[in-house]
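Following the hints, position chain B against chain A.
Number of protein chains: 2
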Amino acid sequence: MKSIPKSLSELIESFKLLPGIGEKNAVRLSFATLNLKEDQVTKFSEAVKNIKLNIKKCKICNNLTENSEICDICNDKNRNNDILCVVENTKDLIHFEESNAFKGKYHILEGLISPLEGVNPDDIKINQLINRIKDENIKEVILALNMSIEGETTSLYILKLLEGMNVSVSKIAAGIPVNADMEYLDSLTIQKAIEGRNKLS
Amino acid sequence: MKSIPKSLSELIESFKLLPGIGEKNAVRLSFATLNLKEDQVTKFSEAVKNIKLNIKKCKICNNLTENSEICDICNDKNRNNDILCVVENTKDLIHFEESNAFKGKYHILEGLISPLEGVNPDDIKINQLINRIKDENIKEVILALNMSIEGETTSLYILKLLEGMNVSVSKIAAGIPVNADMEYLDSLTIQKAIEGRNKLS
Numbered sequence: 018m019k020s021i022p023k024s025l026s027e028l029i030e031s032f033k034l035l036p037g038i039g040e041k042n043a044v045r046l047s048f049a050t051l052n053l054k055e056d057q058v059t060k061f062s063e064a065v066k067n068i069k070l071n072i073k074k075c076k077i078c079n080n081l082t083e084n085s086e087i088c089d090i091c092n093d094k095n096r097n098n099d100i101l102c103v104v105e106n107t108k109d110l111i112h113f114e115e116s117n118a119f120k121g122k123y124h125i126l127e128g129l130i131s132p133l134e135g136v137n138p139d140d141i142k143i144n145q146l147i148n149r150i151k152d153e154n155i156k157e158v159i160l161a162l163n164m165s166i167e168g169e170t171t172s173l174y175i176l177k178l179l180e181g182m183n184v185s186v187s188k189i190a191a192g193i194p195v196n197a198d199m200e201y202l203d204s205l206t207i208q209k210a211i212e213g214r215n216k217l218s
Numbered sequence: 018m019k020s021i022p023k024s025l026s027e028l029i030e031s032f033k034l035l036p037g038i039g040e041k042n043a044v045r046l047s048f049a050t051l052n053l054k055e056d057q058v059t060k061f062s063e064a065v066k067n068i069k070l071n072i073k074k075c076k077i078c079n080n081l082t083e084n085s086e087i088c089d090i091c092n093d094k095n096r097n098n099d100i101l102c103v104v105e106n107t108k109d110l111i112h113f114e115e116s117n118a119f120k121g122k123y124h125i126l127e128g129l130i131s132p133l134e135g136v137n138p139d140d141i142k143i144n145q146l147i148n149r150i151k152d153e154n155i156k157e158v159i160l161a162l163n164m165s166i167e168g169e170t171t172s173l174y175i176l177k178l179l180e181g182m183n184v185s186v187s188k189i190a191a192g193i194p195v196n197a198d199m200e201y202l203d204s205l206t207i208q209k210a211i212e213g214r215n216k217l218s
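Protein sequences appear in the order of chains A and B.
The first sequence: position 145 = 162 (this note's numbering), numbered continuously.
The second sequence: position 3 = 20 (this note's numbering), numbered continuously.
So that you can see chain A by itself, here it is in the shape it has in the complex:
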């Protein structure tokens, strides 16, 4: 696009690096950025710069941390040190934190085992998890991975590795989501929900 000023086309190229943003959308977002207020644009630019500058990975659990080696959750003295919740990525951790349902610590695997995509156990943070369980004297591990082939494979693999170690392992429940319309659920979910049924009387 020769008729576009250089600064604008550079911003378009940057937006296009993000997933799900094509040419048209990148043009739309760039024009929208141009129409923001001066201070909003300054903040936006600073925020983009700071994200690589300030954000690191926690040395213990791989969570994101700001300007420190250890994340807020690992540093939190009020949390239960005996229980580890194993999740795939930071987004899942954030979801769990928002639910307020868990007050232990986390371990982020940074992926799931997937032979199809060439992701082997050594490519994700499983060894680090096993070492933590030993070193930190963890008593309970909750596997909170997706109910996909990759998630199930990874859960099974970790379960095997923990055999014989003095740690209780559980997996989060599969079943019908709250507020879901039964009509639209797949049969595998219904199957899992029936398998995991809870006796009421």
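It should be emphasised that the hints constitute simulated quantities derived from the structure, not laboratory data.
Just so you know, even glycine gets a beta-carbon here, dropped at the ideal spot from N, CA and C.
Careful: at least some of the hints might be erroneous.
As the list claims (entries may be wrong) - Below, simulated DSS-like cross-link-like pairs (lysine-lysine); rule was C-alpha separation at most 30 angstroms, straight line:
hint	chain 1	residue 1	chain 2	residue 2
1	A	LYS156	A	LYS188
2	B	LYS41	A	LYS33
3	A	LYS120	A	LYS108
4	B	LYS188	B	LYS216
5	A	LYS108	B	LYS41
6	B	LYS142	A	LYS41
7	B	LYS76	B	LYS66
8	A	LYS74	B	LYS76
9	B	LYS60	B	LYS23
10	B	LYS60	A	LYS69
11	B	LYS76	B	LYS23
12	A	LYS73	B	LYS33
13	B	LYS74	A	LYS66
14	B	LYS188	B	LYS120
15	A	LYS60	B	LYS177
16	A	LYS74	B	LYS33
17	B	LYS33	A	LYS66
18	A	LYS69	B	LYS54
19	B	LYS73	A	LYS41
20	A	LYS156	A	LYS142
21	A	LYS33	B	LYS23
Claimed, not checked - Far from chain A by the CB rule (all over 10 angstroms, computed), these chain B residues:
hint	residue
22	GLU169
23	ASN183
24	GLU200
Using the frame of chain A, we list chain B on its own:
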């Protein structure tokens, strides 16, 4: 979201300022930015900063221009100075430039007359257009505005103002888009296409 590092949540807030980007999408894009390479993030941040810093409006036609008062098109000595194409905004100008169908100069109105939205003729660059036509001794004006009520109103308004001035005024053709499936066209488009039919024999 208390479990999100400050730098990350600041970027999320910035993305949310852009149209069509809600909370979930902003989180997705922010994580994607975090996963870009170091130099890509630096370029992204610079591009956002430069867009307000370097890009100005052309004093003649209101097109975007980089580090100069007059845009490349107005500066281009090889273009026809006698014809002005009147468009609503910069995006439309870029579309026209990409089609390579027009080699005259442009005038960007920066909006369309819309009594409903409180946009009056004085709110857009119509006076500037009239002055240009007089001062630059323009011989032909092509109105290239949307086929909407606002576009048609604006075209009519400009046509009235140009009455009695020694300038030829035309409007771009309305009709069936190339490659469009007739089945999905609205009846107003079909009506315009029939009205504007071209005699072949």
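Next item on the list: Quick one: which hint numbers does this structure break? Sort them smallest to largest.
Entry: 8, 11 and 15
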